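Asker: Here the protein sequences come in this chain order: V and D.
So the number in the working numbering is just where the residue sits in the first sequence, counting from 1, plus 10.
So the number in the working numbering is just where the residue sits in the second sequence, counting from 1, plus 10.
Note that these hints are calculated values from the structure, not bench results.
Treat the hints with care, since some could be wrong.
One copy or any two copies: either way a pair holds, since identical chains are not told apart in the list.
[Unchecked claim] Restricting the straight-line Cα-Cα distance to at most 30 Å, the calculated cross-link-like pairs of lysine-lysine (DSSO-like) are: (1) Lys-137 <-> Lys-482; (2) Lys-199 <-> Lys-468; (3) Lys-115 <-> Lys-381; (4) Lys-394 <-> Lys-199; (5) Lys-58 <-> Lys-70; (6) Lys-115 <-> Lys-289; (7) Lys-58 <-> Lys-143; (8) Lys-58 <-> Lys-454; (9) Lys-254 <-> Lys-43; (10) Lys-454 <-> Lys-468; (11) Lys-476 <-> Lys-70.
As the structure is a prediction and not an experimental result, all values here were calculated from the model.
One-letter residues, chain by chain:
There are 2 protein chains.
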Amino acid sequence: MGKLNIKHDENFSEWFTEIIKQAELADIRYNVKGFVVYRPWAVITMEKMYMLYETELQNKGHLPAWFPIVIPESNFKLEAEHVEGFTPEVFWITEHGDNEKFEEKLALRPTSETAMYKMYSLWVHGKKDLPLKIYQRASVYRYETKATRPFLRSREIFWIEGHDCFATEKEARDQVREDMEMTENVMHKQFCIPFIFFQRPEWDKFPGAIHTYAADTMLPDGKVLQLPSTHLLGQNFSKPFNIKFLDDDGQEKFVWQTCYGPAISRIYGGMIAILGDDKGLRLPFDLAPVQGIIVPIFTDKNKDEVLAYCEKVKGILEMEGYKVMIDNSENTPGFKFNEWEMKGVPIRLEIGQNELGADTVTLVARTSREKVNVELSKLVETFKHKGKEVTDTLRAQADKNFEDIIHDAETIEELKDVLDKGGFARVPLCSIDMDGKECADNIKSETHGDIRGVRFDKIETPEGKKCIYCGKPAKHYVYVARQY
Amino acid sequence: MGKLNIKHDENFSEWFTEIIKQAELADIRYNVKGFVVYRPWAVITMEKMYMLYETELQNKGHLPAWFPIVIPESNFKLEAEHVEGFTPEVFWITEHGDNEKFEEKLALRPTSETAMYKMYSLWVHGKKDLPLKIYQRASVYRYETKATRPFLRSREIFWIEGHDCFATEKEARDQVREDMEMTENVMHKQFCIPFIFFQRPEWDKFPGAIHTYAADTMLPDGKVLQLPSTHLLGQNFSKPFNIKFLDDDGQEKFVWQTCYGPAISRIYGGMIAILGDDKGLRLPFDLAPVQGIIVPIFTDKNKDEVLAYCEKVKGILEMEGYKVMIDNSENTPGFKFNEWEMKGVPIRLEIGQNELGADTVTLVARTSREKVNVELSKLVETFKHKGKEVTDTLRAQADKNFEDIIHDAETIEELKDVLDKGGFARVPLCSIDMDGKECADNIKSETHGDIRGVRFDKIETPEGKKCIYCGKPAKHYVYVARQY
Chain V
11 MGKLNIKHDE NFSEWFTEII KQAELADIRY NVKGFVVYRP WAVITMEKMY MLYETELQNK
71 GHLPAWFPIV IPESNFKLEA EHVEGFTPEV FWITEHGDNE KFEEKLALRP TSETAMYKMY
131 SLWVHGKKDL PLKIYQRASV YRYETKATRP FLRSREIFWI EGHDCFATEK EARDQVREDM
191 EMTENVMHKQ FCIPFIFFQR PEWDKFPGAI HTYAADTMLP DGKVLQLPST HLLGQNFSKP
251 FNIKFLDDDG QEKFVWQTCY GPAISRIYGG MIAILGDDKG LRLPFDLAPV QGIIVPIFTD
311 KNKDEVLAYC EKVKGILEME GYKVMIDNSE NTPGFKFNEW EMKGVPIRLE IGQNELGADT
371 VTLVARTSRE KVNVELSKLV ETFKHKGKEV TDTLRAQADK NFEDIIHDAE TIEELKDVLD
431 KGGFARVPLC SIDMDGKECA DNIKSETHGD IRGVRFDKIE TPEGKKCIYC GKPAKHYVYV
491 ARQY
Chain D
11 MGKLNIKHDE NFSEWFTEII KQAELADIRY NVKGFVVYRP WAVITMEKMY MLYETELQNK
71 GHLPAWFPIV IPESNFKLEA EHVEGFTPEV FWITEHGDNE KFEEKLALRP TSETAMYKMY
131 SLWVHGKKDL PLKIYQRASV YRYETKATRP FLRSREIFWI EGHDCFATEK EARDQVREDM
191 EMTENVMHKQ FCIPFIFFQR PEWDKFPGAI HTYAADTMLP DGKVLQLPST HLLGQNFSKP
251 FNIKFLDDDG QEKFVWQTCY GPAISRIYGG MIAILGDDKG LRLPFDLAPV QGIIVPIFTD
311 KNKDEVLAYC EKVKGILEME GYKVMIDNSE NTPGFKFNEW EMKGVPIRLE IGQNELGADT
371 VTLVARTSRE KVNVELSKLV ETFKHKGKEV TDTLRAQADK NFEDIIHDAE TIEELKDVLD
431 KGGFARVPLC SIDMDGKECA DNIKSETHGD IRGVRFDKIE TPEGKKCIYC GKPAKHYVYV
491 ARQY
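One chain only, chain V, in its complex shape (with noise of 0.2 Å):
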């Protein structure tokens, strides 16, 4: 205990299984299948990165409110698509109390448009009410088929989702890059999790989008994970819910529509994930539950000297709003720095009788692990400069990591030797409308990786190439990854 002795890169699905369990994160043992219990250590980081992530999209103009668990099945079924897509992962509430039936059953929602957006037709009438941006903190559940995972994929997920509606084709348009610059705001600078947007390719859209565009990461095993996706909806939805509003010109028209949704608990397991190390977490300053661990050094004849100068340490951090705390367990000094790295706190801060004999205190930041001896006049200065140092050495790490994990690949042989080292094959493809459908299906079947779509950040024209799988010109650069 204490101590976690897996290796993050080498052995990184195991090393997930591990920190899930030593750092106390989640409890697979709930007896309902693809359900876990999620436990202090890591909601408290979770309701911080709900906090950023809300106070972003209130910055951005949008609203909270709440809406029902439970959808009419006819709601449910109002656009084609999205039920299609949805229907096998619904469960279903049939039932009240002692065998009593529903004459509807209500579909536990597995997201929020078909509730949402028949309400929106009751709001939104004239431009005055446009536009109209709405996101809830919710949990959604889907009847998940592959194995299910803490954090990465389960059937209950903590999320956020925003629908905005807009009067004009190109509002919706600027919605999906501003939500893009939200994903980057968030994901990236506070949660120092590195990604890409691609534009996924027909078969693969949100059941209603006319586009989706994911962002995907890249887990330590070569792995893509995929993140946060926003979604241009287009009239889809607004026709068959009907939110119209009555333009300038005297026609009433159908709002365009765009959605996000950013999944909190998974975005913490890809979190964790990237930034961990051999040692355990690694959590970015402003996400860690406790910021500073005090570690007091004693002997006998000084423990009360020592443990009250902590206390003094303690006081003067807090004072300051960070989250600090001592380790006064039974515990040797070495199970505690190994236990606390393990629980990725991000600076140790060390107290024994040289810092008592000189008023100093000696910081160890969880990246670098250099030892600091600083003056408590400096205490509070260096802690905060440790903290940000922490966490832009998380992202620039991070950063690094997704560097150089994109490789062209031109034959399917090739394709499979990328896959298998992990990280993106780049490659040519007929096309990313459904006539491409058929390479999709066959590339996945002979090398087990997903086109994962079109980069949005750049154009990329495979001028004269061949589609990788037919053989026909090909319109696009892809993007294959191995999901997990």
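Got chain V; can you put chain D on it based on the hints?
Answerer: Showing chain D alone in chain V's frame:
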């Protein structure tokens, strides 16, 4: 629009319906019975209420966790009284996808004892694991058969539930007191809601509890509303759920438990009901979505100057962290005054030519409605001071209305009179054990009054009094009220 035309004190029920609509707090048109949509103006405040309550829970040593929303029927049935009490209200998930049946049906949690305590039995082994103090922010689902009403009685409840385990009965009883102290710190001091804690009679306890203590407040129509309750569970759950620890004496013992459930959506309903007035909502300063509304008063000539000055004032207050808005809609100032008073904004700032010329701002508190003109240099200080004044006034007025609502009654006729006027009747009762239930049932059917229990804050002995119903010697003074 803009103005509410219903008397809060004379026609409360209609006032409540109308304020929900006009202030856009909730929409009752969602097409599943008993489920409503909570809209931004209410949700922003409820999010702040969550934050304040969670901070208090964490300050008292509770940690947050997230447990699954689904509970297998077999867990649910482990504690006999609990299952009997809750089964009639449960929503059951029986299918997924296209009519695929689950082997065991799943309850949508009506409360989480039976989800959490199975895990607690895996987490608690020795004294080092105790006390275990965990809460979760969650929504719970109850198939309520009485008429539903937004906030006050819904089938979807947004709440917090705290579930604690202790080594001794004494610590559990102390926790009950701490729960009451938290209720005072948050509900009364911050949300301005007065209440009395009653120990409920045996027939009205939480299913499975040894004792239930509930905070009752009084709505403007003289009906009682139950707010947070705390339950001494004793070992009633730890035995069937097998939550044991190895005590210092080498014996394995079952833990002692408590649970505590503040329902944020319901408390919000109680708060707006109690604090409102004829002009609409009144919100405590720290809970208002907008703390200061700036109403510009201009002519065509000075419009730009006035609006620029409004922006300056807004900037000054926002720098201090206050939430301030400028209403630059095309409505008249009078319309705006009514509208923002209706929405309960604590402080209005009026800015016109006079203010512009003199570098001042005119502030109007929602409570006193007195105009105060201050120099810009005094703005921040006055705004803060007025904000506190609003909250203190709301609390003082609510406390005052809560005085003199208790009247003694010694006959059924007197009891009816008291209840017709509204408020609590204090009556002598033979017993609050099960042998008093028959009297309680008869009182209920003859007066529509519910026995709320005996006061927790003082011992009241009805020396020589007879039970108001059966005439046997009375053991207790109990409080009777008509329930919301």
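Asker: Would you list, in rising numerical order, the hints stated earlier that this structure does not obey?
Answerer: 1, 3, 6, 8 and 11
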